[in-house]
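Engineer: So the protein sequences, as listed, match chains W and L. The first sequence: position 46 = 46 (my numbering), numbered continuously. The second sequence: position 278 = 278 (my numbering), numbered continuously.
Just so you know, these hints were derived from the structure itself, not from any lab. In this text, a Cβ means the ideal position worked out from N, Cα and C, and glycines have one as well. Incorrect hints may have been included.
As the list claims (entries may be wrong) - Ranges of calculated distance between the beta carbons of each label pair, as one might list FRET restraints:
#1 L:257 to W:43: 54 to 60 angstroms
#2 L:323 to W:120: 17 to 23 angstroms
#3 L:105 to W:44: 47 to 53 angstroms
If you want the building blocks of each chain, they are given just below.
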Amino acid sequence: MDDALTVHRLHFAFTATFHYLFPQLTMGLALLLVVLKTMALRTGEEHYNRAVRFWGKIFGISFALGVVTGIPLEFQFGTNWARFSRAAGGVIGQTLGMEGMFAFFLESTFLGLFLFGEKRLGPVGHWVATVLVFVGSWVSGFFIVATFSWMQHPVGYALDANNQIVLSSFWALVLNPWTLWAYPHVMIGAAVTGCFVMASVGAFYLLSGRQLAYGRTFVRVAVMVGLAAVLLQLLPTGDMQGRLVAHHQPVTLAAMEGLFDTQQGAPLAILGQPDVEKRRLDNPLVIPRMLSFLTYRRWSAEVKGLDSFPPQDWPSNIPLVYYCYHVMVGLGTMFIALMAVAGWLLWRGKLYGSRPVLWLLMLALPFPYIANTAGWITAEAGRQPWIIYGLMRTRDGVSAQVSAGNAWFTLIGFMGLYTVLGILFLFLVRREIEHGPEEEVQGPRRGGSKVQGLTAEA
Amino acid sequence: METLWFCLVAVMIAVYVVLDGYDLGAGIIHLFVARNDGERRAVLRSIGPLWDGNEVWLLAGGATLFFAFPAVYAAGFSGFYLPLMIVLWLLVGRGLSIEFRNHLKNAIWAPFWDAMFFLCSLLLAVFFGAALGNVVRGVPLDEHGAFFEPLWTNFRLGAETGIFDWYTIIVGLAAFCTLAVHGALWVALKTEGAVNERSRAVAKVGWWGVAGLTFIVTGLTFRVQPQVPARLAAQPWGYVFPALALAGLFSMAWFLARREECRAFLGSCAYILGMLTSAAFGLYPCVLPASTNPAWSLTVHNSKTGDYAMRVGLVWWTIGMVLVIGYFVFVNRHFAGKVRTEENGY
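Kindly produce the complete structure, drawing on both the sequences and the hints.
Structural biologist: Right under this line is the structure:
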């Protein structure tokens, strides 16, 4: 059944990774839309309302794709991971059920009002709708993180007479210590994506000499929120998330850091390729004793390496965990540097004229997506070989009835469908960016419509 | 407790079909009742702000099934693997065809999405109907509470059924007719002029299909799943559900003839609710009957989660449902009335 296990894992990994490309933008933009809408309400300037409508269109496209790619995930627990679902459903069914009841209804309802109800709701009503969409999407994030956190660190459960997992404490489940740090880390990660996308579009407008007022607003708002976000992503959320891993999943920490040998004063590997067969890091660039300090706040603390654990408990793909972790941290560090420079220039009033930094902001757009994805892969691949940490191994969680052949059929189906969706997304968002928040009298022509007619309408 | 949760899951699924059913129905009929771009936009505007919230009932209902009866969720979803995956792809197509259709104004884009909207809505109605047929007919569960059905075998009932056999196809056809009429009544309610006229015509003709198939499907179901008539005989108060369905069926036609569009639509809602609750009543206490050996059926008793979880779930579910009803009332009142031709949005 190894063949089937691999396909089922690929199936979930692929659909989940593709799906998450959209909510990270949606949740990040939701926050920024509240910021822009608040500015609109306080200044009464139409400029901010136009900015909200512009980003609202991109938000709507991203939201639609997030919804349609998200439904397969809820179904996939049952279709591809039936034995896991049967075992864990009594617990994670609660968090997933709450996500549906509290978050999805809220955001879907008020999204409709946000997109189509501006005139009827009036400025304050529309602001409320914007806030509720933000709340709905961030509450949804909470319950998904709570679900995933239970898989990483199962709490609030008991085993009944038939040795089945049942819920024993609702509050322990909802207030899982893993959740309390993973949630802000995930959400701020989404905020980083939102900010970099907004900054990139703003920088693009400034560099191409179009929509200049909006370019400045987007860069200004995105850099201010973005600087806060990238810093918080490291401290305290990233640091605390790392310490949770060290405390509860020490073997995962060893894999992330490429630490083969248990030692006191363990070094932090900045660069290096893990060679699992030979149990060593090739071409290492390390900071001595730094890992001990970061993990335990003592330079001489002992950090467990992979040698302290039996190989069957090691993550099944150590290099994947190692590289994804290092990509995430490496990019996160670069984000801090870029936002710090941009923030300092903004404070000095020099950012809008600083073409090199604007170029960096514009080109940075794909990287938060890569960082967020790498972070998720670190967490999921790091949890292996467990599907419920310490309770159920991944290979015991697959649907026994679904053959590899069926799973390949649907995986290839999804890959094809999602390729088309990805192209569609890029096409539609590009159109919106080309068009911009305001009609331009002498701007580039839009395919299929007349500029004069539209300026009269604007 | 498990009986209560059975009822709540059944109600959530029924509400999903009533709400998203009119979105699907609108998709099935829109090529016929809306002949130009302005008319197509009107149909889309009638469901535009509402369809996503309606679809959430499917997710919320599925998640509720997951936590209350995890064994059924696991067995059902993996056993129905292929049709569920196809349903997922159809939901993607349906959702995007509504959201993306009006993004571009050219001669290729809109007709493409119109066709997608029609095809996905049609197939979803048929698949959902067939899914109900499968649950009622029973599935080849084994002693471990697991099964797997291919899309079809020999289209006959017996030991090795497929998702599609003659019975489930007829139920799928009934679902298609029901949702087409349901959608037509909604579109008639929300539009004016030519679209309104054509929708009412579709509803009038389609009603005969719904009525005929109601009786055919009921008769066939009684033969295919003897547990259903046995339940009604044992607990005759259960006749209230089919009575609701019949009341809905006749009031649909009655009010449609009198041009009372809102009541006609509500009649259709009552019909769907009545049919689905009848099915749920007939199946209880089975949630997923076994066509192999009755002892292997998944029931509310052998597939439920722990008592604590069911009690605690009731608290947040109730709070959530109060909020949901609040949002529902608010948004439907906000977008009440006929759709006008020029408004921002779709």
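Engineer: Taking the hints in turn, state whether each one holds.
Structural biologist: Cross-check of the supplied hints:
Residue 257 of chain L and residue 43 of chain W have their C-beta atoms about 56 angstroms apart, which keeps the hinted 54 to 60 angstroms range intact. Between residue 323 of chain L and residue 120 of chain W, the C-beta spacing of about 22 angstroms keeps the proposed range 17 to 23 angstroms intact. Distance hint check for residue 105 of chain L and residue 44 of chain W: the Cβ-Cβ separation is about 33 angstroms, which falls outside the suggested range of 47 to 53 angstroms.
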